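Engineer: Each protein sequence line maps, in turn, to chains A and B.
Residue numbering for the first sequence follows the working numbering, beginning at 5 and increasing consecutively.
Residue numbering for the second sequence follows the working numbering, beginning at 3 and increasing consecutively.
Since the hints were made in silico from the structure, they are not lab data.
From a predicted model like this one, the values you see are computed outputs, not experimental measurements.
Beta carbons: idealized from backbone N, C-alpha and C, even for Gly.
Computed footprint of chain A on chain B; a stretch qualifies when at least three of its residues, placed anywhere within it, have a C-beta under 8 Å from a C-beta of chain A:
1) 6-18
2) 391-401
From the structure, some residues in chain A lie toward chain B, with a derived Cβ separation under 10 Å:
3) L75
4) D76
5) G98
6) E100
7) N101
8) F112
9) L117
10) L118
11) M128
12) P130
13) A131
14) L135
15) R167
16) N187
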Amino acid sequence: MPHTNLHATLHTKPHTTLLSATHVKKTYRLGRVDVPVLTDASLEIGQGEWVAILGSSGSGKSTLLHLLGGLDRADKDSGPIHFGGEDLRSFSAGRENRYRNRDVGFVFQFYHLLPELTVLENAMLPALVGLSRMKWLSGRSELRQRATDLLESCGLSHRLKHRPAELSGGERQRVAIARALINGPKILLADEPTGNLDIRTGGGILDLLAATHAQGMTLVMVTHDEAVAARAQRRVRITDGRVE
Amino acid sequence: MYAPLLANRYLTSRIIPFIAVAAVALCVALVIVVVSVMTGFLDMVRSSGKTLIGDVVVTRDISGIPYYLDFIAEIEALPEAEAASAIVETYGLLQMPYGNGDANRVETVQVWGIDPVSLDRVASFYDKLYWVKPSEELAKTLAPDDPRLDPEYQRDEEGRTLRTSDGRPGIALGIEISAFNERSRDGSYRCEGPSNMQDPGYFMPNTRGAVLTLVPVSESASLAGEKKRRFAIVNEFQSGVYQIDAQRVLAPLADVQEMLLLNAAPLTSRTELDANGRPKVIGESPARATTIVVKASDGVSALALKIAVDAAYARFAARIDADDTKLVKAPEMITVATWEERLADLIGPVEKERELMRTLFSIVYLVCAGLVLAIFWAIVQEKTRDIGILRAIGASRTGVLWIFLRYGLLIGVAGSLVGVLLAWCVVTRINDIHDFLGAPAAMWLKVTASGAAIAAIAMALRGLLRNSALETVLWTFASIALVLISVVLFLHHGFMVWDPSVYYFSRIPNSLDWVTASTTVIGGVIFSVVGASIPAARAADTDPVKSLRYE
Numbered sequence: 005m006p007h008t009n010l011h012a013t014l015h016t017k018p019h020t021t022l023l024s025a026t027h028v029k030k031t032y033r034l035g036r037v038d039v040p041v042l043t044d045a046s047l048e049i050g051q052g053e054w055v056a057i058l059g060s061s062g063s064g065k066s067t068l069l070h071l072l073g074g075l076d077r078a079d080k081d082s083g084p085i086h087f088g089g090e091d092l093r094s095f096s097a098g099r100e101n102r103y104r105n106r107d108v109g110f111v112f113q114f115y116h117l118l119p120e121l122t123v124l125e126n127a128m129l130p131a132l133v134g135l136s137r138m139k140w141l142s143g144r145s146e147l148r149q150r151a152t153d154l155l156e157s158c159g160l161s162h163r164l165k166h167r168p169a170e171l172s173g174g175e176r177q178r179v180a181i182a183r184a185l186i187n188g189p190k191i192l193l194a195d196e197p198t199g200n201l202d203i204r205t206g207g208g209i210l211d212l213l214a215a216t217h218a219q220g221m222t223l224v225m226v227t228h229d230e231a232v233a234a235r236a237q238r239r240v241r242i243t244d245g246r247v248e
Numbered sequence: 003m004y005a006p007l008l009a010n011r012y013l014t015s016r017i018i019p020f021i022a023v024a025a026v027a028l029c030v031a032l033v034i035v036v037v038s039v040m041t042g043f044l045d046m047v048r049s050s051g052k053t054l055i056g057d058v059v060v061t062r063d064i065s066g067i068p069y070y071l072d073f074i075a076e077i078e079a080l081p082e083a084e085a086a087s088a089i090v091e092t093y094g095l096l097q098m099p100y101g102n103g104d105a106n107r108v109e110t111v112q113v114w115g116i117d118p119v120s121l122d123r124v125a126s127f128y129d130k131l132y133w134v135k136p137s138e139e140l141a142k143t144l145a146p147d148d149p150r151l152d153p154e155y156q157r158d159e160e161g162r163t164l165r166t167s168d169g170r171p172g173i174a175l176g177i178e179i180s181a182f183n184e185r186s187r188d189g190s191y192r193c194e195g196p197s198n199m200q201d202p203g204y205f206m207p208n209t210r211g212a213v214l215t216l217v218p219v220s221e222s223a224s225l226a227g228e229k230k231r232r233f234a235i236v237n238e239f240q241s242g243v244y245q246i247d248a249q250r251v252l253a254p255l256a257d258v259q260e261m262l263l264l265n266a267a268p269l270t271s272r273t274e275l276d277a278n279g280r281p282k283v284i285g286e287s288p289a290r291a292t293t294i295v296v297k298a299s300d301g302v303s304a305l306a307l308k309i310a311v312d313a314a315y316a317r318f319a320a321r322i323d324a325d326d327t328k329l330v331k332a333p334e335m336i337t338v339a340t341w342e343e344r345l346a347d348l349i350g351p352v353e354k355e356r357e358l359m360r361t362l363f364s365i366v367y368l369v370c371a372g373l374v375l376a377i378f379w380a381i382v383q384e385k386t387r388d389i390g391i392l393r394a395i396g397a398s399r400t401g402v403l404w405i406f407l408r409y410g411l412l413i414g415v416a417g418s419l420v421g422v423l424l425a426w427c428v429v430t431r432i433n434d435i436h437d438f439l440g441a442p443a444a445m446w447l448k449v450t451a452s453g454a455a456i457a458a459i460a461m462a463l464r465g466l467l468r469n470s471a472l473e474t475v476l477w478t479f480a481s482i483a484l485v486l487i488s489v490v491l492f493l494h495h496g497f498m499v500w501d502p503s504v505y506y507f508s509r510i511p512n513s514l515d516w517v518t519a520s521t522t523v524i525g526g527v528i529f530s531v532v533g534a535s536i537p538a539a540r541a542a543d544t545d546p547v548k549s550l551r552y553e
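Can you make the complete structure from the sequences, with help from the hints?
Structural biologist: If you want it as structure tokens, here you go:
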């Protein structure tokens, strides 16, 4: 793990609620069968907190993360999910897109980088999504610099022009983290961020997440691994569709 | 801002879009080449069909137009008209100077009695004469053995006057009438004898002439006795239209008028007799012409000229009718037609054929859209995860839709432009390509094709030995294709696709129809976008959670 500007001192101010789920329900339909995944999930995440959501495979932890991140919608009879006091159910399509683009950053188990783009372009992608052509023309060098700095702080300064296929798993996940941070989100949602990595590489990724958290980033991390969850400040467990 | 980046990157970093671009390019090129050649063919038919008839044609039946010189003077006084020429049109029999004595071959011909000087002013008659000294420019393009380069074959003066050097009347035959004029691949003619040797004896102007038989027809459609006259063949002409060149004979106007009894003659009374007991001469019956061809002044349309000629005829007829000294009155029924109206039966079918081809080949647009749709469907299927990622980082449905529409647009534009370039290369060099296909293959080509076929067979066997199904199948197909090509190259002596005896024109039209090219490009782009729109909409509807599910 290179020394980066993400390694700052731990942040210890009192937590105010940033994101909360109250009695959230989510049912998937598989053929003709309704499969309830979340039956009554409630969770509060404070500003600057690092929360690990633990659970076995199929317990609904990723579903909860998707709902928190506005990727999916809860059932109609579900309770609300609030972000900074706003109910996600009241979001228009545009506001929902902006929420995913600016307010939250996603990190996935399988990195999900776009193979046709370089490392730098992948990292810049969320910023490009939120930019008009005019803003891109006026601010492209600044954005490029921001993405370069971010990738440098993730230890990827020598990989800027490489394609994802040329990177190791750990490097890809670092690019995914840089991408999640490019728009300065208020919360980072990580779905099994080390699930596809060996222990040593996964440790490096957790160090990077810790450094991000140390800078004040709110972090929600889904994992099935107790050791990984131990890095978080707080752990919650999902069992039978409920958060315990 | 991400849409152009992704669309461009998708286009340039993968093979599938290039297949789509190639498919669109081939479709576009196909339409442009076919319609360009058809349009060029139509233009050639139109310009050749116009040959010898000017812009407006005035016709009357075999009774002819009396006082036609007065009418021509009236026409030539019009600002819309540049020149006019009188013609007598009829059908006749022409006994050719070959065959077996009295049983010499007889052709049914369309006879035009013309005044060469005025017809040249109206319809560049001199340019149509075949056996004349070629211009320096033309001479450079002729084969060294072209007879026209030989002064012996140059009969300029005789052709221009329709008279032999000793003053005998002559006729000019359409170049396809003589059975011994052989058309070469380059469109030139050689006079070939029965033994297939060049023999000046079969060069028509060298023969002792031909006998023309015409039958005068009275106004009441009764036949007078046939008139025969021997004419020297002073030249041959080429109009460019097979029907004309295979049937028409040009003869001096006065001779044809005499043979058809349309020349000036005394007009006799049906009731009174003179002192000798013969019908009393009461005046003169004027010479007549059945047709008057008129050339428009610069910048005047054929239609404007037609209207002016119509009005001129009304004035002419009124003047004749009012003149008591003119015993023959102007006919009420004449036909004034533009050259296009006159040639409607010739141009119409070709025009219809072109539109039919355009319509049929426009189905290619649907093929284009279908190809793009199929390819994009596969791309969207493959890119489902990317779409999920984009949606996860905040891309809107419209944004995702636009990526794929823009992608389709890029493929449409790139494919259409490549198609135009390809079509331009093919159309402008179509005669070279045709000549290449028409000539027996060069030895180096046969050897190369055979070598490539052997190499392909070896590669197919290699694939078999390496247990690679893909390699084996691909090289087997390549082997079959190359073996077939090699066999064809060895056995065939060239393909004559554009047979001048069928299409008449010796060269395939080789100018690109830019209007068609432009509309085809627009069509190619639109249909590419249409083809991309359905997969694009499907992409926009992709559920990010489902697409990112990694199990």
